[in-house]
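Model the full structure from these sequences, guided by the hints.
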Amino acid sequence: MPQLSKIEELAKQVMEGAQLKTHKYFRIAVPHALTGQQIIALVLEKGAPEDDVEAGHLASLLLHHGYLFPVIEHVCFVRDDGTLYRLQRPYFWPSQAEIVPDVEYAIYLNKRLLRNEQKHGLEEDEVESFNRLADVLAHMWTFIVQQSELQLKQQKEKKKVEKVVFDSEERAFWKSRKPTRGAANYLEDAYNKTEKKIRRQNAQGYRCLMDRLRFAIKTKPWLKALKASDTMVTWVDQRADYDPFLTAPQPSNPWLTDDTSFWSLNTDTVEVPTERRVKRWGLSVQELVKDPIGRQVLETFLESEFSSENIRFWIAIQDLKYAPNELIYQKGERIREEFLAQGAPAQVNVDSRTLDQTIDCIGKAKDASQMRFAFCHSEEHVFTLMAKDSYPRFVRSQIYKGVLSAAQQQGSRRLGWRNFVFNMGATKKPTSTKPTKPQDSIGAGQPLPKQLSSDSLPVRQAHSVKPEPE
Amino acid sequence: MSTSVGESSITKMPENAAQSSTEKGSEYLEQLAHEAEDLRKKLDQERQKLNDIPIQQAAERLEVMGSLGIKQRRILKGHVGKVLCMDWSLDKRHIVSSSQDGKVIVWDGFTTNKEHALTMPTTWVMACAFSPSSQMIACGGLDNKCSVVPLSFEDDIIQKKRQVATHTSYMSCCTFLRSDNLILTGSGDSTCAIWDVESGQLIQNFHGHTGDVFAIDVPKCDTGNTFISAGADKHSLVWDIRSGQCVQSFEGHEADINTVRFHPNGDAFATGSDDATCRLFDLRADRQVCVYEKESILFPVNGVDFSLSGRILFAGYGDYRVGVWDSLKCVRHSVLYGHENRISCLRTSPDGTAVCSASWDCTIRIWA
Chain A
1 MPQLSKIEEL AKQVMEGAQL KTHKYFRIAV PHALTGQQII ALVLEKGAPE DDVEAGHLAS
61 LLLHHGYLFP VIEHVCFVRD DGTLYRLQRP YFWPSQAEIV PDVEYAIYLN KRLLRNEQKH
121 GLEEDEVESF NRLADVLAHM WTFIVQQSEL QLKQQKEKKK VEKVVFDSEE RAFWKSRKPT
181 RGAANYLEDA YNKTEKKIRR QNAQGYRCLM DRLRFAIKTK PWLKALKASD TMVTWVDQRA
241 DYDPFLTAPQ PSNPWLTDDT SFWSLNTDTV EVPTERRVKR WGLSVQELVK DPIGRQVLET
301 FLESEFSSEN IRFWIAIQDL KYAPNELIYQ KGERIREEFL AQGAPAQVNV DSRTLDQTID
361 CIGKAKDASQ MRFAFCHSEE HVFTLMAKDS YPRFVRSQIY KGVLSAAQQQ GSRRLGWRNF
421 VFNMGATKKP TSTKPTKPQD SIGAGQPLPK QLSSDSLPVR QAHSVKPEPE
Chain B
1 MSTSVGESSI TKMPENAAQS STEKGSEYLE QLAHEAEDLR KKLDQERQKL NDIPIQQAAE
61 RLEVMGSLGI KQRRILKGHV GKVLCMDWSL DKRHIVSSSQ DGKVIVWDGF TTNKEHALTM
121 PTTWVMACAF SPSSQMIACG GLDNKCSVVP LSFEDDIIQK KRQVATHTSY MSCCTFLRSD
181 NLILTGSGDS TCAIWDVESG QLIQNFHGHT GDVFAIDVPK CDTGNTFISA GADKHSLVWD
241 IRSGQCVQSF EGHEADINTV RFHPNGDAFA TGSDDATCRL FDLRADRQVC VYEKESILFP
301 VNGVDFSLSG RILFAGYGDY RVGVWDSLKC VRHSVLYGHE NRISCLRTSP DGTAVCSASW
361 DCTIRIWA
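Chains A and B, in that order, give the protein sequences.
For the first sequence, our numbering gives the first residue as 1, with consecutive numbering after it.
For the second sequence, our numbering gives the first residue as 1, with consecutive numbering after it.
Treat the hints as calculated values from the structure; they're not laboratory data.
The hints are all genuine.
Using 25 Å as the maximum straight-line C-alpha spacing, the simulated PhoX-like pairs for lysine-lysine come out as follows:
#, chain 1, residue 1, chain 2, residue 2
1, A, K220, B, K49
2, A, K24, A, K163
3, A, K24, A, K158
4, A, K46, B, K294
5, A, K175, A, K158
6, A, K159, A, K119
7, B, K145, A, K196
8, B, K329, A, K227
9, A, K6, B, K294
10, A, K218, B, K49
11, B, K103, A, K193
12, B, K77, B, K114
13, A, K197, B, K145
14, B, K294, A, K193
Covered stretches of chain B (chain A as the covering partner; in silico rule of three or more C-beta atoms under 8 Å from a C-beta of chain A):
#, stretch
15, 64-78
16, 211-220
17, 248-261
18, 280-292
19, 348-360
Label pairs and their in silico Cβ distance ranges:
#, chain 1, residue 1, chain 2, residue 2, range
20, A, K159, B, V80, 45 to 53 Å
21, A, A341, B, Q135, 31 to 39 Å
22, A, P90, B, G224, 49 to 57 Å
23, A, E305, B, K41, 48 to 56 Å
24, A, T247, B, V331, 15 to 23 Å
25, A, K388, B, K41, 33 to 41 Å
26, A, E98, B, H34, 30 to 38 Å
27, A, L256, B, P121, 35 to 43 Å
28, A, E337, B, G224, 24 to 32 Å
Please read these numbers as outputs of a predicted model, since none were measured by experiment.
Just so you know, even glycine gets a beta-carbon here, dropped at the ideal spot from N, CA and C.
Right, dumping it as structure tokens:
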């Protein structure tokens, strides 16, 4: 069990540092033992834990994995007191016995049967196991009996203290290997860990690897990310306000307060998005298009610039890429007709090279999976166009500011009235006139984002390009 | 395998045999391995020239994270076997979980009620996933299959179970690919594959790992056509969904990689391994950025995930604990105690309000 190699290292150090002695438990002498307190102190010294809690936890891990065991009381963790424990003999460590054959278990159980019943008698579970093994291993039972007798004979030659200690070690070993029903087996491995296979790399694999390496050497992709660390730190820092673990969500985290209003205020069909949500759209175009409402507001903005086909085209392609096989051709054809074909009703602004590439890909698509990704050149082109060109204008636009101020107002109203349901009828006019007033560059009849100006549920309509899903 | 290694060392002795190296399979492979190694060294040298600053240094300008007050908020009890996998619904409160005894349970994590329970015809149901619409779940494991089950309260849902994917070894992980229509699976047969849910057709498969695949992840943002996978060969591979080609590979771990998760920025990812470390890799910088390790951490990492901003990296360990790491300053911030056996899976909720861990102690716990 390779995953135990590190804890075994700790077990070794604890063993080296341990001072075993005979303790008194009431009037019984307990040889070769140490107290929980001592163990935790040793772990604290050897295992570099942060605090006492971690030291106690590490000590209990040693116990669970069979490196130490309680001598008298049945405790399943290491107590920070005078409770007595014994260190397991390395012979019985998990690494020394990765597999434990049934035969050995049968010998052990039989040994105990041959001894003083009061001291060594089997527990209920063990009796059951014994009976089962006697059945399964009937063909070699004579051997098992001989072995157990032989081992007992050797045992008798030992000194009394040694005998007591060995008995306890052996018992602890089998307890951790064959835990009673319902108790946790900490030494069990996951199926995928015992069955995993490492295959040898084949020639094809190597060739792919070398192509990749050569390509990387040639293109030096990391140069694009000069100051990658800095970029990441900035990115993360910008989002600290939106991270519920770092900044308390408004009005509250449902898991802490049992109040689900945070969720109901942030659904994809909410009439007015929260201020935080709208602010997040200002971080990057990805944040904007990730949010279904964000997409719609962007579409409204692009309509004002007479280029809403870009976002509709992009959304349609997202829909195509993850559509069922059956609908791929149908959807692909519709996108071509609507956005790319000559004289298409909503022709997207793609340069001729990209357009030719895409048309070529569509023409060559032999099966659904090729058709699925046939539009990727144009998709990238259009997205870059939106990101570099439209998005900066969007962030400065009256539409975005309007939505933001509506969200802010809604936020304050929410606090004032404690009214979580946006009453469209009452607030429609103020919100829709206010932001449109300063719109000088855009036509006067410019519609606002749907959810701010109309009472229909707008989210579904955003995908009007899509063929009917059913 | 040992015999082929033996063969190669024998055939290597006569020098003149080199001419017919293309015929001698194992020798040819050795030569290729050699060439690849040379290229890798050259690449590493080139990369060294990058004047990037270590992430800890870049993060110096950030304030130290204060107390986060994370506590256990819910405990879901109902499994009688080891819980092996869990997934959040996009509704932010439902959870699907699967266990070693073949049970799959759908919970309302918020109320801790069980809403559906089904028994799979196999033990070790290693993977389960919620579909984006929350109308469907997918699960599988030792049966080598990925089955989908539509969720409804009207009838016995197990009757509606459909097999979508079949591998030649156990299925270790699965996730829907941005819609209810496609599913991505990873398997012990060392491949990953994308399947059409409706027809069960294979859309694309991904060959390149030399060991069992243990984990996959898809970036959260829509742009980009990649996913990552990792497993027993200690490598993380980045794949192009469209072509089925591996486009980038990352190494560094000293043992099996059990879990992999994209950073919310989509340009980096974290891994957790049997070597008791988590690592952060940057896709654009094309290299390992950070190792999250500590002398007192001795057990494998079985689940990693980020908080919404990416600042916190949560790691679920084989030592029953959840480690809360400052992903940028690369220090452990705190530890969450509670589970009584190894943690098998860990995931942040879709809106980042909570983190959920599944364990061999038969429970699922939600922390916030």
